[in-house]
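S.K.: Listed here are the chains, written in short residue letters.
Number of protein chains: 2
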Amino acid sequence: MLVVLVHVQVKPDFLEAFKEATFENARCSLQEPGIARFDVLQQQDDPTRFVLVEVYRNQEATAAHKATAHYAAWRARVENMMAQPRFSVKYTGLFPDETGWKTQL
Amino acid sequence: MLVVLVHVQVKPDFLEAFKEATFENARCSLQEPGIARFDVLQQQDDPTRFVLVEVYRNQEATAAHKATAHYAAWRARVENMMAQPRFSVKYTGLFPDETGWKTQL
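Those sequence lines, one after another, are chains A and B.
Counting in numbering that gives the first Met the number 0, the first sequence runs from 0 upward without gaps.
Counting in numbering that gives the first Met the number 0, the second sequence runs from 0 upward without gaps.
Calculated from the structure, these hints are not laboratory results.
Hints are not guaranteed to be accurate.
No copy is singled out in the list; a pair is fine if it fits within one copy or between any two copies.
25 angstroms max Cα-Cα, derived SDA-like pairs, lysine to any residue [said to hold, decoys possible]: (1) Lys10 - Gln30; (2) Lys65 - Met81; (3) Lys65 - Phe13; (4) Lys10 - Trp100; (5) Lys10 - Ala63; (6) Lys10 - Ala60; (7) Lys65 - Ala16; (8) Lys65 - Asp44; (9) Lys89 - Val5; (10) Lys10 - Thr47; (11) Lys101 - Ala66; (12) Lys101 - Met81; (13) Lys65 - Gln43; (14) Lys65 - Gly33; (15) Lys10 - Glu59; (16) Lys89 - Arg48; (17) Lys89 - Phe22; (18) Lys10 - Pro95; (19) Lys10 - Asn57; (20) Lys89 - Val3.
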């Protein structure tokens with residue numbers, strides 16, 4: 000599994016709007032066959048900081064995600080909400096094994 | 000949900016030993032009633048760096064985890080494998096909702 004941690008810092012006035020847009024993107028993303036998880040985390044000691052935990056079945060799934068309408072909509076909606084450019088770090092998911100990752104809504 | 004991202008850098012000679020010890024800890028941790036997930040991620044552009052994604056149902060579960068024999072064993076086993084002190088950042092899990100987090104092995 001390919002796990003991408005996306006680190007986001009949001010302008011304080013946009014916290015609720017960012018959450019709403021990101022939950023919508025997460026719900027749609029979990030419908031993609033190549034995406035096993037799409038978690039949204041908010042940092043406890045700094046609520047302007049978020050991490051998206053995106054778990055893909057393979058590299059192709061990351062490209063497929065970026066081609067979706069919901070990703071394009073999210074990207075446009077949050078563009079002006081960022082306090083600084085977001086960045087991501089890529090990981091290999093070692094544990095659990097491939098059967099253990101899927102979020103069941 | 001309380002999500003703790005533990006950032007670890009391992010000495011290059013100990014990568015396999017660290018993985019083995021950490022998988023064992025992860026498997027045992029998932030048996031704890033207060034732990035929904037215990038993922039092990041390895042950074043793709045620097046395989047000496049790992050992130051543990053630990054998802055707890057509440058604050059009490061973090062204390063319960065630190066009181067287990069498997070945590071104590073892991074801590075002792077990996078102590079000399081660290082390239083630098085590990086650090087963790089605490090998050091609130093906003094999405095999915097409480098029913099969506101549990102790893103089924």
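S.K.: Work down the list of hints and note, for each, if the structure agrees.
M.R.: Verification of the supplied hints:
1. Lys10 - Gln30: Answer is neither: 29 angstroms inside a copy and 39 angstroms across each miss the 25 angstroms cutoff.
2. Lys65 - Met81: within (19 angstroms within a copy, 36 angstroms between copies)
3. Lys65 - Phe13: within (23 angstroms within a copy, 36 angstroms between copies)
4. Lys10 - Trp100: Result: close neither inside a copy nor across copies, 31 angstroms intra and 28 angstroms inter.
5. Lys10 - Ala63: Result: close neither inside a copy nor across copies, 29 angstroms intra and 36 angstroms inter.
6. Lys10 - Ala60: Result: close neither inside a copy nor across copies, 30 angstroms intra and 32 angstroms inter.
7. Lys65 - Ala16: within (21 angstroms within a copy, 36 angstroms between copies)
8. Lys65 - Asp44: between (31 angstroms within a copy, 21 angstroms between copies)
9. Lys89 - Val5: This pair counts as both: shortest intra-copy Cα distance 9 angstroms, inter-copy 15 angstroms.
10. Lys10 - Thr47: within (7 angstroms within a copy, 33 angstroms between copies)
11. Lys101 - Ala66: within (21 angstroms within a copy, 29 angstroms between copies)
12. Lys101 - Met81: neither (29 angstroms within a copy, 31 angstroms between copies)
13. Lys65 - Gln43: So Lys65 and Gln43 pass the 25 angstroms test across copies only (20 angstroms; inside, 29 angstroms).
14. Lys65 - Gly33: Result: close within a single copy only, 12 angstroms intra versus 35 angstroms inter.
15. Lys10 - Glu59: Close neither inside one copy (32 angstroms) nor across copies (32 angstroms); limit 25 angstroms.
16. Lys89 - Arg48: Cα proximity of Lys89 and Arg48: in one copy and across copies (18 angstroms, 11 angstroms).
17. Lys89 - Phe22: Both, since 21 angstroms and 20 angstroms are each at most 25 angstroms.
18. Lys10 - Pro95: Answer is between; shortest inter-copy Cα gap is 23 angstroms, intra-copy 35 angstroms.
19. Lys10 - Asn57: neither (32 angstroms within a copy, 28 angstroms between copies)
20. Lys89 - Val3: both (5 angstroms within a copy, 18 angstroms between copies)
Figure legend: structure checked against the earlier numbered hints; hints not met, in rising order: 1, 4, 5, 6, 12, 15, 19.
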